[in-house]
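Build the full structure now, drawing on both the sequences and the hints.
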Amino acid sequence: MSDVPSPVAAASLPAAECRPGWPGRAGAAATLGIVAILPLVLRDSYGRGLLIAGALNVIQALGLDLILGFAGQLDLGAAAFYGIGAYVSTLLVMLAGVGFWPALALGTLAAGVMGGVLALLTVRLRGHYLAIASLGFAVITYQVLLNWISLTQGPLGLYGITPPAGFTDPVRLFYLIAACAVLVFAALRALLASPVGATLAALREDEISAASLGIDCRRWKAFAFAVGSAVAGLAGGLYPGFAGTLVPDAFAPADSFGVLAMVIVGGIGTLRGPVLGAVVLTLAPELLRGIGDARMIVYGLALTLVVLFMPGGLDGAWRMAAARLRRNQAG
Amino acid sequence: MRQIVCACGLLLTFLHTPALADGAARVVRIGALLPISGAGAYFGVQDREGIDLALDQLAKSPPGGARFDVHIEDSACSPLPATQAARRLLDGYRPDIIIGEECSDATLAVMPLVLQAGVPLLNAGSSALRITDPGNRETFRILPDEVMQGEDLANHAYRDLGARNAVLLHENTNAGIGNAAIFARRFAALGGKVVQTIGFGRDVNDFTAIATRIAALGPIDVIPTYTLEGQGLKITEALAQAGVVRGGGGHAVQLGTIWLPLGFDQQAGKAAEGYVRIVQFEPRDPRPVVQDFVAAFQAKFGHQPTHISAHAYDQIMLIADAVRRGAATPAAIRDRLAATRGFSGVTGSVVFDEHNQNVSRDTIHYVETEADGSFKPLDWK
Amino acid sequence: MFVLAVQQGLNGLVLGSLYVLVALGLTLVYGVLVQINFAHADFVMIGAFSAYFVTHALHGDYLLSLAAAGAVGALLGYLVNAAIFAPLLGKGSELRPLIATIGVSVMLENGALALLGPVPYAFATRYSAEVIRFGPLYLTAQSVIILAVAATAIVLLHGFLRFTFLGKALRAVAQDRETAGLMGIAPDRLIMLTFIIGSALAGLGGALLAPVLVLTPFAGTSVIVKAFAIVIIGGFGNIEGTILAGLLVGLIEAMTTQVLDPGLIDIVVFGLLLAMLVIRPTGLIAERREENV
Chain C
1 MSDVPSPVAA ASLPAAECRP GWPGRAGAAA TLGIVAILPL VLRDSYGRGL LIAGALNVIQ
61 ALGLDLILGF AGQLDLGAAA FYGIGAYVST LLVMLAGVGF WPALALGTLA AGVMGGVLAL
121 LTVRLRGHYL AIASLGFAVI TYQVLLNWIS LTQGPLGLYG ITPPAGFTDP VRLFYLIAAC
181 AVLVFAALRA LLASPVGATL AALREDEISA ASLGIDCRRW KAFAFAVGSA VAGLAGGLYP
241 GFAGTLVPDA FAPADSFGVL AMVIVGGIGT LRGPVLGAVV LTLAPELLRG IGDARMIVYG
301 LALTLVVLFM PGGLDGAWRM AAARLRRNQA G
Chain E
332 MRQIVCACGL LLTFLHTPAL ADGAARVVRI GALLPISGAG AYFGVQDREG IDLALDQLAK
392 SPPGGARFDV HIEDSACSPL PATQAARRLL DGYRPDIIIG EECSDATLAV MPLVLQAGVP
452 LLNAGSSALR ITDPGNRETF RILPDEVMQG EDLANHAYRD LGARNAVLLH ENTNAGIGNA
512 AIFARRFAAL GGKVVQTIGF GRDVNDFTAI ATRIAALGPI DVIPTYTLEG QGLKITEALA
572 QAGVVRGGGG HAVQLGTIWL PLGFDQQAGK AAEGYVRIVQ FEPRDPRPVV QDFVAAFQAK
632 FGHQPTHISA HAYDQIMLIA DAVRRGAATP AAIRDRLAAT RGFSGVTGSV VFDEHNQNVS
692 RDTIHYVETE ADGSFKPLDW K
Chain R
713 MFVLAVQQGL NGLVLGSLYV LVALGLTLVY GVLVQINFAH ADFVMIGAFS AYFVTHALHG
773 DYLLSLAAAG AVGALLGYLV NAAIFAPLLG KGSELRPLIA TIGVSVMLEN GALALLGPVP
833 YAFATRYSAE VIRFGPLYLT AQSVIILAVA ATAIVLLHGF LRFTFLGKAL RAVAQDRETA
893 GLMGIAPDRL IMLTFIIGSA LAGLGGALLA PVLVLTPFAG TSVIVKAFAI VIIGGFGNIE
953 GTILAGLLVG LIEAMTTQVL DPGLIDIVVF GLLLAMLVIR PTGLIAERRE ENV
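Residue numbers (my numbering), protein chains in the order written: chain C, 1 to 331; chain E, 332 to 712; chain R, 713 to 1005.
Honestly, the hints are just simulated from the structure, not real lab data.
Keep in mind it's a predicted model, so treat the numbers as computed, not measured.
Beta carbons: idealized from backbone N, C-alpha and C, even for Gly.
Stretch by stretch, here's where chain R covers chain C in the computed footprint (C-beta under 8 Å, at least three residues):
1) 257-268
2) 307-320
Reference listing, derived: stretches of chain E covered by chain C, where coverage requires no fewer than 3 residues with Cβ under 8 Å from a Cβ of chain C:
3) 402-411
4) 414-426
5) 433-446
Dropping the structure here:
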């Protein structure tokens, strides 16, 4: 199997592509090492805030890629599950006195369950129907958070949210979230290497053929949606401690497109892709701040160009570069 | 690589030395959290104009030989961007004092950060009570809070306009909901009847249906409206089209807050006739400080200042006043601010109570829009 | 009570007509390309500003500015198709053009912001202040124009698709691109034509919306999500369904405002959307689109 993604292969990911971007031992160690020293390099709260935001985005992007890249289901409602995780866990802590960790678990579960329910409801749909349905779900979730003031405080917001005990220091909070990201990555990798991964790949490639093979598409779609949404919910549960305040606007439907962009730009259907995409798209608007008013124009332009001219995303570019390096060394 | 660039950039800003203590070319660093992007972005535009004019004038006659530097970060009128902007400001720029934000949501979100950093916060745009009421030592506000505005408005509506029923219109934000609730409570306590309270999101496309709904309620005396300029204009037009407000041949009087800049009436045209609102800044104020300000503003920018520019100007001037009285560190600035006496800005004089809320109301008054778009001051006590 | 219902019904129809104009562009493009153009909202916004420019800077007639807005929309449609959709046609991942249009949307919105600033523009035509009363009901002259223009556009579009050769060719391409190609119709040209028509309608819709909306560079975003909902409720690629759905959503908005609360509009509309998808995914007027069911 070639490492260089040809346009055709990148377009419809071959079912054999079930080891996308697996980091080897060296790669894993290097990545973990970089993650470990980053907060020591960036010593100010702004830089560390950026690291935390980046880690949260990595988790979200991984979750979405499971649904989108590996199960082939177009989900435009990622922000909703992020929000569900955030609000459920925070409200449990604030209103019901639940401890942080159980609340986090319940928030993750809630998001996962909602994702599964959405998938089951829209089970007959494919393609853009499902996309708009998920977007509609995101709109409704946002509106519920906004209007159910007696529960969520709506636009008035929830203030004074603190990180879990022992993690109030931003460096430790970053390590916690980064550790979660690593766990999610490892878990997804294991999942995809298992027979489940093959089933999802079959579902992605051709639903009708998969059904003819006896795969219950409905159940596996719901499964992928549920797991991917749970991952988003996990990120959502970790977010409020960092932000300190919780308002529905942080989960506006349009934010789903931000996560989608991270997955696409990073490289859809790979594991390294969402990580790269999340990191780059978290840093890019900040680094572009120096440009001033033209910042977002440049961002939009960059997004468009990357999508148009880099079919495999950043991950694809990485692998082409790596392959070229290997060829030069070999020949 | 990117992290190294980032780190280098931040390192360079750290090396920028803070103000020297012995007065030689002392620089007072003012951080500004303003909405530059998003729904409230026009606040940012007007704020900047006021700030620029103030800096120009201070450069010409520096109080106590001090120079003033202002660094703006975009808080986007929303909590999360505001906290990120506050972090950038506090870590990168190390201000002696911060001014901002316009929107209550954003101000409330940044307050803990600023408090923790020991930097005073001077606010002139957010009306939420929680900003000063709990008694945060570091936070100052020169704008009247929502209780001061809302109760006063309700009193005047009942007593001077003879209003006995009201329909409240508000946007679904902290400020909108809070202000409407205060008015409703006071109005009901006086004996008035709040017929309906209608809240709407900032992205409503069409106010015709809302206007029709109000029209069907029968004669309404007053319609307090709490929303931003763009929506406010559309609401007034729709209400006039439906024949609800005086400008459309109806009976009701719309009540507005300090939020609406003065150019609003001209845009609404005839529909704004009879509109009554609170103002804290008026270009026709005969006091020399106001006339000079308006003339200088017009000369520099080619148009009249709004109250937002006026507030921004006053914030800078108030800080300059504190510096003139001998403040060099953030803590000293805070103490001098709290002790402010005899400062008379374009938006009125400033006297802080024990919660650092400005309780001086010498320029607060009410105006009513005439049929030709001009407005006359109302003689209400 | 009855009068109130009729008045709100009128309000709803006017708003619905605006939504229809915006949604038609989306559904037309989807019909031939099976793609969504996320920059569509910004075509609406740019159409609105074009109309503003013609009326306020050039002091042209408002009705002339409608034509200008349509033309600008058409141009934008041409550019986006040529730059994004046409090159990626048939090249696999159907998501890439979608994300590319998100990038275009960000560029357009922020470019407009840099050019026009964030302060809302007050777009008043002499028609919006003029109120026509008939009995207890009322409509502004602006609303009458909206209804008239929208109705004309719809009738013309319908006639075009049904009765002209080009229109039939368009429908053929929508049904089955390959076969249409085999039968001597040039699908690429027709797709471009569809894009141009759809985007012109968006620009026109923007010009009609300009006096109604709060006019800033982000004005398109409030309309576009509803437009998506309308396209689904009506049935992707289905013209009659989209028209019906658009009017329906406008009516729902007005009624929700009257009976419930304006803040709940989105919940009601999208609740309806999800219900439709569960019960009747093919849309209000079913067409033969099995592969998406």
